[in-house]
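**Q** Protein chains in written order, with the numbering used here: chain P, 1 to 111; chain H, 1001 to 1115.
To be clear, the hints were calculated from the coordinates, so they are not data collected in a lab.
Careful: at least some of the hints might be erroneous.
As the list claims (entries may be wrong) - Chain P regions said to be covered by chain H (calculated; three or more residues, Cβ under 8 Å): (1) 20-30; (2) 96-103.
What the hints assert, rightly or not - In silico DSS-like links for lysine-lysine, alpha-carbon gap of 25 Å or less: (3) P:K42 <-> H:K1011; (4) P:K56 <-> P:K67; (5) H:K1053 <-> H:K1070; (6) P:K2 <-> H:K1057; (7) H:K1011 <-> H:K1057; (8) P:K67 <-> P:K2.
Every residue, glycine too, gets a C-beta built ideally from N, C-alpha and C.
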Amino acid sequence: QKEVEQNSGPLSVPEGAIASLNCTYSDRGSQSFFWYRQYSGKSPELIMSIYSNGDKEDGRFTAQLNKASQYVSLLIRDSQPSDSATYLCAVSSGSARQLTFGSGTQLTVLP
Amino acid sequence: DAGITQSPRHKVTETGTPVTLRCHQTENHRYMYWYRQDPGHGLRLIHYSYGVKDTDKGEVSDGYSVSRSKTEDFLLTLESATSSQTSVYFCAISALMRATNYGYTFGSGTRLTVV
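Work out the full structure: start from the sequences and follow the hints.
**A** Dropping the structure here:
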């Protein structure tokens, strides 16, 4: 069974700080990695995707991938209260682009 | 958002009754998925489709069936609803985003309660 593990949290950071979210996965054949943000009562929305080892930056978000360690992380710089949400790590390894999701990390940014 | 709608948004049904949830997309995407989301379990794949009449099982398919007779519609049926199927159900499509990267777009979800 393919597994994706995340720190369950909750994680609290002060406004302006860096929030660090971590994820590990079990399937070494995984090729694509995603971070989704989900506000309470809403559907998940894609915020970052990463496909190769290293860092990928998009605005205040940085995704990091280490395939040898089977580890993916998301850094949120200058955290804002509007970043308070649950962050879902997802890994793709199927021919039909099926995603396996972690259970999510709840982030609270304190004003 | 990517023209994906789910219906109904909320439903309460009795144990043992059949229930069908509908996912409709307007952009001719090939891949469609049904997930359920429960506290502590994240999103779990129920069934997926890779074309008209082409479907396959996901991680938690027992008690569910699907049909896709048209590209735009992907139906999820609970054959005989049980309380363990009380959940939030999300439909998703896999779409091209940001040049060559693919990502999921989710529908708004259906909150199903089985009493």
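**Q** If you check each hint against the structure, which ones fail?
**A** 1
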